[in-house]
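**Student:** Spelled out from the first residue to the last, the chains are:
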Amino acid sequence: MTRPVRGKYSFEEFRKILAEELLVDEEELTPKTAFFTDLRVDSVKMVDMMLRLEEQGIRIPWEAGSQIETVGDAYRFYLEGMSATPQGPSPVRRAAEG
Amino acid sequence: MIAARISMANAFQSIVSQHLQREALVCGDFRATYGQLGERVTALAYGLHELGVSKGDRVATILLPSPEFVAFFFALAKLGAVIVPLNPQLRPRQLRHILQEVEPWGVVLSEQTAPSPVLPQLWRREIVGLRYVIKVGETSEVCETSEVWLPELMAVEPPPSFSPPDPSPDDLLAILYTSGTTGVPKGTMHSQWGLVAPVIASLKLRRAWLEKPSVKTMGRMAKVLVRYRQRLLRAAGRPQVFLSTVGCHTITGLEAMLQALLMGDKLVLMPRFDPVEALQLIERERVTILIGVPMAYAMMLGVQDFDSYDLSSLLICGTGGAPCAPELAREMQERFGCAVHIGFGTTELAGGIAATSLEDPKELQAKTVGQPMPGMEIKIVDEQRRELPPGQIGELACRGENVMLGYYRAPDRTAEVVDEEGWYYTGDLAMMDERGYLRIVGRKKDVILRAGVSIHPAEIERYLVAHEKIKEAAVVGVPAPIGGERTWAFIILEEGTEMTAKEILRYCRAELEAHKIPDQVRFVDDFPRAASGKPQKFILRDMALQE
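Protein chains in written order, with our numbering: chain A, 1 to 98; chain B, 1001 to 1547.
Calculated from the structure, these hints are not laboratory results.
One thing to keep in mind: the hints can contain errors.
[As the list claims (entries may be wrong)] Quick look at which bits of chain B chain A covers, simulated, 3 or more residues with Cβ under 8 Å:
1. 1052-1060
2. 1270-1278
3. 1311-1319
[Claimed, not checked] Where chain A lies over chain B, by a calculated footprint (3+ residues, C-beta under 8 Å):
4. 1006-1018
5. 1478-1492
Glycine is no exception: its CB is placed at the ideal position from the N, C-alpha and C atoms.
Only chain A is shown next, with the shape it has when bound in the complex (with noise of 0.2 Å):
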């Protein structure tokens, strides 16, 4: 698939993507998929997928982790994060490349 670089995804990008990451199938996730309920998603495993999509060009902020509760919420802060925060990696991607 090609990644826009500066692009914005829609929503079912998003989604296709995260679902690729998650091992979940698509139709899983909806806006109002919980991480934690539905998926069992912990907050170790939402630190290494907020790495893994970093690498795919979906930076969603650090400091918007622990507010995300479901998918539309991760949706949400990619979105305000693709106007708010510079490119580049982030501090927690450089501290894991050492």
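Given chain A, put chain B in place with the hints provided.
**Tutor:** For chain B alone, coordinates are given in the frame of chain A:
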């Protein structure tokens, strides 16, 4: 300051009496001085006493870090009763197993941690001896006869004559659950004194620089002053402010709570970790000692406007509960601008075995777990439990006053890890250098450390092979770049069957707790095996690292 072998109840009462007006606890909008905290503890102890709790009764708590948890801990200590703090994330199956073993007099839960409204009703049928379910929160509905709301329990002012029997330092105070090597949870029993002793050890460790300087300590002070300057001068001789971002059901979280509250310091609690809120709390409360697992630090460092927060009050970033990558430790030193203490401990020892100190060179702070805590004897042994010289890798064994009393209702399992001379064999592979600095190099026991939580592969493997299509499963921990380990499941399918990683994970989501669901799944035709036929997990781990 606590000076002699005493009970937890008396240690707490002594601190309360000395610091009535000093702020003790902050959590959200809740603030309390030691005097107020002492009153809450006495009121709750009286309420529990009137309800029928007496010495030796066990009370399980399923609570987030909160003022209520703190009150229950010290109220039960005051009554000589036993607290069993349980992980709010446990699934109903696991909870039931533990509660059936513990047979608690009561279970305490809150709206945030109640697993399901029907569970307490089931527990009443399945748990022998369960008398009450205590609900934390506002009274909002009519209770069943065996339910009680916390505010009602604390509503009656204790009469002056209320004086529960003085608990002995040797009385059982807590049963802390840790997963067993076979995946069966084990309750580690700790006495009143056993949980005070690690606090005394920490106090000795930081006395030199956190108390008013004396002639004796000036030399050591001078050494660290060069490095920490204003931060040390601001912190020295004053009450410290702890921020704990760790759950109180873990030994790290419990020890952070006790270190603060048994030393007359201020404790700031976070019911749920949030990196921005943590930074705001450090700034607002002028936190000097921050406690968190490595991943929490990585998340804080990732906050976009990290550098805009005033973190100049911080003197120590303490971490443990999971391996901390040296790169992360160095970034913590640099950007938080303070010392990093990587502690190492186990639930069986009620806390720390070793820790780095302010005086240690930064490199040793980042790469080792420091030197043994005061009062802790350490040795490295071979397979036959013979002591090895410095520089050699072997199993880490420890002895001290905080070694557990044993595993609850499991004397055979206790005898496997604690010998007649009181040495506890940790199952960790370690090396100690000539100066006494300890490096943890691996584990003899098969345990995965994932963000502060121990996961025993056997439990996941057993669950996986219960699936009709799965022939064999081997679960290993693989180091993650931002600290801790991740769980990889290697799967051999039954011949002629097919299954996808998605299906495996869907199966796991049905029953396993979120943290036990494998992070990665790989299918293999066979495992690399030892002569005994057992999977060679170190090779599987290497395979994962090479991806």
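**Student:** Could you tell me which of the numbered hints above are not met by this structure, giving the numbers in increasing order?
**Tutor:** 1, 3 and 4
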